[in-house]
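S.K.: One letter stands for each residue in the lines below.
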Amino acid sequence: MNSEISIIALSLQTALLATLVTVPLGMIVAWLLVRKEFKGKFVLDVVVSVPIALPPVVVGYTLLWGLGKNSWLGQITELFFGSTIAFTWFAAALAASVVSLPLVVRTFAAAFASIDPKLETAARGLGSGPVRTFLTITLPLAYRGVIAGVLLGFVRAFSEFGATIVVAGNIPGRTQTVPSAIFTRISSGETESAWRLALVSVVIGIIALGIHNWLLKQARFGSTPMGMNR
Amino acid sequence: MNSNRVESFESTTFILLVRRLLIQTVFSLLVLFLISSCGGRPYENEGDVPLIFAAASLADVLGNAAQTYEIKTGKRVDFSFGGSIALANQIASLGAPSDGIFFVGDDATEVIRRAGLIHSEGYYTMLTNSLVLVGRDGVQPMSSLDDLEFDSGQIAIGDPAVAPAGRYAQEALESKDLWDTLLDRLILSIDVRAAMAAVESGNADYGIVYRTDALTSNSVFILFEITDGDIQISYQAIPLATSANAAQADEFFDFLRIEPEIRDLFTSAGFSVAALPH
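Heads up: the sequence lines are chains S and P, in that order.
Take the first sequence: its position 159, counted from the start at 1, is 159 in this note's numbering, and no numbers get skipped.
Take the second sequence: its position 206, counted from the start at 1, is 206 in this note's numbering, and no numbers get skipped.
Hints were generated in silico from the structure; no laboratory data involved.
We put the beta carbon where it would ideally sit given N, CA and C, even for glycine.
Do not take every clue at face value.
[Said to hold, decoys possible] Reference listing, derived: stretches of chain S covered by chain P, where coverage requires no fewer than 3 residues with Cβ under 8 Å from a Cβ of chain P:
1. 29–41
2. 60–72
3. 110–120
4. 170–181
5. 199–205
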């Protein structure tokens, strides 16, 4: 029972770190994809979206190949920190963020795209810098999509299995997340424990959806920028 | 003029409300992070806790042994359990940070040796095990592997590619020329414990597993011990020479070798414990 609590805690912390990374990154990427034209935009779009199109184990294997003991990046890490990032908790968080980033970017991009760019242009014309415009015009108007993206990213990061198990392993106490633990318990016949952990996953998913709905219900402002109900 | 002021008041309120919502979201995530930290902080440096990769069949007994170790010495040990060959490949090709290995059979240890991670040639065999045929409640009783030919039930074994137990099962069946005949009735599992689980859950009627695994279950029965193929099933505990916490792994292995309480733990689980050399 005690070990199950620590597994859930580890999974929560992994998913939260992953969300903390993907949300700001996702906002920047989504805004670039929606509002800017530049060389290599197509490449950015593909690179950010590709994890959805791949089997998660392939994502994990690619990360391992790029960061592990046999890669130049891994050897640099080993020089400075004494060991590579692979098979550590950080690798688990990294795997979770890589697979959830495409979902976060897509949700944010859809949200930003639904806002009339003329409003942003107007703000810029009145002297507001790009960051201030984003924070005071775009973000507030897109709040529904932003909240949805954050929660979707969190839930996806929490449920990641394939990539995590390849790049971080399944080490109890270090990198064993809830999905990995359920898999091990199914494999070893500990069905009761597997059910308890599965139930926790379901509850967390329902809570995330519940928070999502509650936050959206909080502000019923209608759809005009000035908050007037049509 | 007046209408402009009213509009700007509403938009300011709107922005303030959304800012509050976003702050609430971030705040709840942070609170969640703090609460979950009470369950442990995996990002804190593990320091000198050795990470031991061990065969799946050792999961229960090593877990208990580690508890005893912690009570007696105050030191902790972390484990990663699985099919020995799968773990060996994780260490050798993927760079998994293992400090010591406790595998069954030579194949897995050979992978590690070929990767240059252990030095000496002669290892100390700590434990031996035996292969058994198990069956679910209510299956046809059998007394030798040949009897399997006359049944139609599925047989669970470990996948020979990743689990030594599967390789031993294959050797035993091949020694009786039964491997090809039974091939399409075989269920290959990721390790020997998964093979047990397949039989326990009723998805396979029979299984070829270790005696020690069979003893952990109340719903699955040993039909007979498999002696065909003249198979030696031995476990060796070896610290990896070049890893960070190899010394701590070695300490733990010495504890397992010498401590009488631990030897009793192994024996009651069904292992045969090798005698201490003089």
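S.K.: All the hints need checking, so say for each whether the structure fits it.
M.R.: Status of the hints after comparison with the structure:
{"no.": "1", "hint": "29–41", "in the structure": "violated (count 0)"}
{"no.": "2", "hint": "60–72", "in the structure": "holds (count 4)"}
{"no.": "3", "hint": "110–120", "in the structure": "violated (count 0)"}
{"no.": "4", "hint": "170–181", "in the structure": "holds (count 6)"}
{"no.": "5", "hint": "199–205", "in the structure": "violated (count 0)"}
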